[in-house]
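Visitor: Please work from the sequences and hints to get the whole structure.
Residue numbers (my numbering), protein chains in the order written: chain W, 1 to 434; chain P, 1001 to 1616.
These are computed hints drawn from the structure, not numbers from a lab.
Because the structure is a prediction, the values reported are computed rather than measured.
Idealized CB from N, CA, C, for every residue including glycine.
Hints may be right or wrong, so weigh each one.
Restricting the straight-line Cα-Cα distance to at most 30 Å, the calculated cross-link-like pairs of lysine-lysine (BS3-like) are [said to hold, decoys possible]: (1) P:K1438 with W:K25; (2) W:K404 with P:K1024; (3) W:K283 with W:K404; (4) W:K283 with W:K123.
For each label pair, taking beta carbons as the anchor points, the in silico distance ranges come out as [stated by the list, open to error]: (5) W:L410 with P:L1017: 43 to 51 Å; (6) W:L423 with P:F1540: 37 to 45 Å; (7) W:E76 with P:I1006: 38 to 46 Å; (8) P:T1563 with W:P226: 49 to 57 Å; (9) W:L423 with P:G1188: 54 to 62 Å; (10) W:L423 with P:L1186: 31 to 39 Å; (11) W:S21 with P:K1586: 48 to 56 Å; (12) P:S1156 with W:S21: 54 to 62 Å; (13) W:E398 with P:L1017: 41 to 49 Å; (14) W:A51 with P:A1600: 31 to 39 Å; (15) P:A1600 with W:R20: 37 to 45 Å; (16) P:A1600 with W:G154: 25 to 33 Å.
Which chain P residues stay away from chain W? Per the calculated CB distances, all over 12 Å, these [to be verified]: (17) M1001; (18) L1004; (19) F1175; (20) A1178; (21) Y1185; (22) Q1206; (23) I1282; (24) R1357; (25) D1405; (26) G1433; (27) G1493; (28) N1534; (29) F1540.
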Amino acid sequence: MISAFTILFAMSLVSLFFHRSYLLKPLSLVALLGAGYATFSGTVVPLIGFATNEQIQLFELVLELVLFATILHESEDITITQTLFLGSASVLLLQSDTLISFILSFEALSIISVVLVSYIKTKDQAEGAVKMFIAGSMATGIVLLGVAFYLMGGGMLLAPLSTQGSLFMGIGVALMLAGLFYKLTIVPFHGWAIDTYALVRHSHAAILSGVAKTVAALAIFKIFAPFLAEHITLSMPLLATLAIITMSLGNFLALFTKNIARILSYSSIAHAGYMLIAFVAVKSSYADEGILYMAIAYIFMQSGAFLALDSMKKEYEIETLDELKGFASQNPILSFFFTLQLFSLAGIPLLAGFLAKAVVFYAGVDAGLWWLVLIALLNSALSVGYYAWIIKSIYFDEGTFKAKLVELHLPLASQAILAVGTLFFGVYAGIIFR
Amino acid sequence: MPNLAITLLLLPMFGALFAFVSGKINRKFAFWSAELIGLSLFLITLKLYSSYTMPIDLPMTWFSLGDFSIPFGIYIDKLSLVMLLIATGLGFLDIHFAHDYMKEDPHQPRYYAKVLFFIGGMILLVSAKDMVSLFTGWEFMGLASYLLISFWHEQSVPADAGVSAFLFTRFGDIFLFASIGLLFYLTGSLDLVHLNELATTGKIEQNMMYLIAVFIFIAAIGKSGQFPLFPWLMRAMEGPTTVSALIHGATMVNSGIYIVARLFDFYVAAEALIVVAAFGAISAFIGATSALVQSELKKVLAYSTMSHLSLAFIGLGAGSLAAGMTHLVNHAVFKALLFLGAGAIIMSAAHVKDMWRFGGLKAKMPLVALFMGLGALSLSGIPPFSGFYSKDAIIIATLTNPQTDGIISSLTLISGILSIAYIGRLWFLTFAGEPRDKELFEKTSKPSFFWITLPLGILGVATLVMGFFQGDIAELVSGSVPKEEHISGLFIGLMSSISLLGLIVYYYFVKRLDLTKKIAAQPLMRSIHKVLFNGYFIEFFIHYFAREVIVDGFAKAMNWIDTYIIDATVNATVSIAQRVKTLFAKLHSGYASDNSGAMAFGVLLLLVILFVGGAM
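Guide: Below, the structure written as structure tokens:
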């Protein structure tokens, strides 16, 4: 059986020939459906060092659904091609089982991310792309240094990560994690993200912060969890500190920001902090369910919020809270979808974001980290503030609008898909806890 | 069979969406898709009924995490099936009737979507296996009733009526939610059948069981419109009449009685049935007497609903599951008939609801008069109509049970006999005599046969035919045929008093209508009339209490706490948050070089920490 990776990769190459053709979008969507079917029937990348399991399979299906919505939304041909490329790299990363396949797939994902944002049209986009490129290359250096140390300590490239903690191996793993955390935007490796997410095109930010980040988080957890669990006395305090700093920084900075994209990028950093709680609580048997749930919820709500913002920008050139005022009267449907995703990000019950946080926090308490969970709870209470602020602007303020620039239909369909995902995983949780 | 049950649950929800979307394309599609879905729901239920061998039991879980799991199961036994037949059968006729009744309305897609959602809520409620799915259906219906009662939300009165219904039922729902929490805490099980077993074997502490039973009963009072939470039922008359028929006949008000019947063994073990009977008796009396003086057609029926549901509650409270539930079934049919009949009259008579402006309408709509007459006879308990048997059984149950014999049984008897008075008054004032408003009479049109009269005919025949199958219905709803008990002289006494009262009403409202004004002019009669007309001022008391105690007392206290304690604390945190933000913002310069510097610094720090921490 042909694997999802093969289908996506082949399609991304083929799609180059269909630029400026009406067929590009339908073909890409069909390819994604095919990839979904291939994933469903349990196929693996036909190379050494790749494996899959039920959880990964579920997340891949979700990923393909989100990419489907993203492509449905997208109107630029080159971005569609690159989204498909990114999808194939994501499948690679998710299914990678040995260190070498993991590192290579991760680099593939990083490079494609940079290529994605390199389709530059404005000065701001250039700034965002360059910042990401510099941080990414630096991170690659750190990761490779870590790999070198790990190999010096006797590690093997063609095997899953060893759980032994010899001196060089320990340093190697620490360096690798530090480099990988750049993609997860953990403080202090977050600097690029604040600007890049806010400056590049919003649909690109949706892919970077929604898709690439969750894929990285899940893959890193899958590879590194055994090691972290083995060395819990060292990893626990270190990662807990990072988690606290990351979520507090994201939430506090978001509180006083007027630019919507910037608020979303800060909230993205804060959510990286919540994801890190699952890494800290790795001893708990709920940690893997927690990170999976967080990834699924986050990929829906973050992509949905950024794509909605992209539509708003196209329609009315909305960038800041002031420009958003009274948007509900202009486009009630889009307002509803945007609000739904924001509610999910804030963690309102019956939406995916709520259960994701609940499960991750439950795992934290299960691992005996109630103090960390308490800080996280205070943080998420704080975060409701700025989400509510956006929603207040949409619904309760009066605003003035220019004439509508474009009429949007497919983006609304894409929003509907993402909203259904957020609702479905918020109500029907049984599918994850098997 | 399980697949069919799942279909039955999901179809109305998707159907609602479908009716709405298709109605947006062409307004006529909304009705036809709703009609089709309503019919298929009824056919599925019939199929389930005809192939019934044993209860359909689907123990599903919503989700589970570790040892903690929330169930969401489906359980359809005979009792559920009877309720399903009522909900889908009457629901279908209601949709059919709405074709003409809602013909002029521009918001038909919204209407049919809400109606299907409403029926779906009821289906979920009666096929629930545990408290969670039951509560979900319960809340779906609460929402749907709000949406339907305030369907004409452009006018302020229906909108207020919707809010009122929502708040009154919501008050009860809080207690249902509390009882779910208590049950989960005490027993760890929310399975309705299992709870009955637990209760009968005495696994739950008696006092807690009593408390839970009372809590659930408060929720039932709210949903079924019993004393003191009934005012919403009367206000709900502001919605379309088809909605009233749906709420009062097929779905919503039955759910309160259903939940008590479903947990009947629990109530027996908790010794809480006397509470049910006592509140039922008070409500029955209030409903029956208030119905006597109402001037609006629908308000008479609303108060009679309250009174007759109370009779069903009394039947349960007196320990006879069969009597209570058969009365519920019979009532659902004849009350839907009467409401749809009222809808036919109101629609034909240019949306006038005041009975005093009608009169002599049987010349204009003889069939409607005939079928409503059948419903009226059944409601007042004349043999061989179905209403007679169940009402008789309830009265006998109260008389033979030593706990309820006395005040409760006499109140039951009085409200049972009074039925003929208010329904007779309604029928005579509307159909008999001379037209009092000539202009209106001229304007009154003849209703269409297929869309309006046919559903009435079906229901009218049903309420007659059901009288001959009372034993089977009792067997379906209670699992056993109750043995016939007779009290000598009761039948003769009942019949003679009912016929006497009927004659008085006839004489008073047809022959000597001029007497009413004279009697009403007396000061004593006027004050009695005022009390009855306003439903004993219960709504006034509730509003007074809510305004004076809750709003002016409690809310003001909360407001003080909110302003001076909570707000002050929050305001204090703002400056702290600002400072933290400034600190964080200082760390972020926005230069790519600083970003990289921070990364390098982070790596360095990590290595130092690892070194200090002893990894190296």
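Visitor: Each hint should be assessed against the structure and marked as holding or not.
Guide: Outcome of the hint check:
no., hint, in the structure
1, P:K1438 with W:K25, "violated (69 Å)"
2, W:K404 with P:K1024, "holds (24 Å)"
3, W:K283 with W:K404, "violated (53 Å)"
4, W:K283 with W:K123, "violated (46 Å)"
5, W:L410 with P:L1017: 43 to 51 Å, "violated (21 Å)"
6, W:L423 with P:F1540: 37 to 45 Å, "holds (42 Å)"
7, W:E76 with P:I1006: 38 to 46 Å, "holds (43 Å)"
8, P:T1563 with W:P226: 49 to 57 Å, "holds (54 Å)"
9, W:L423 with P:G1188: 54 to 62 Å, "violated (29 Å)"
10, W:L423 with P:L1186: 31 to 39 Å, "holds (33 Å)"
11, W:S21 with P:K1586: 48 to 56 Å, "holds (51 Å)"
12, P:S1156 with W:S21: 54 to 62 Å, "holds (57 Å)"
13, W:E398 with P:L1017: 41 to 49 Å, "violated (33 Å)"
14, W:A51 with P:A1600: 31 to 39 Å, "holds (35 Å)"
15, P:A1600 with W:R20: 37 to 45 Å, "holds (44 Å)"
16, P:A1600 with W:G154: 25 to 33 Å, "holds (27 Å)"
17, M1001, "holds (22 Å)"
18, L1004, "holds (22 Å)"
19, F1175, "holds (21 Å)"
20, A1178, "holds (18 Å)"
21, Y1185, "holds (19 Å)"
22, Q1206, "holds (35 Å)"
23, I1282, "holds (38 Å)"
24, R1357, "holds (43 Å)"
25, D1405, "holds (49 Å)"
26, G1433, "holds (53 Å)"
27, G1493, "holds (57 Å)"
28, N1534, "holds (39 Å)"
29, F1540, "holds (35 Å)"
Taken one by one, the earlier hints fail for this structure at numbers 1, 3, 4, 5, 9 and 13, listed in ascending order.
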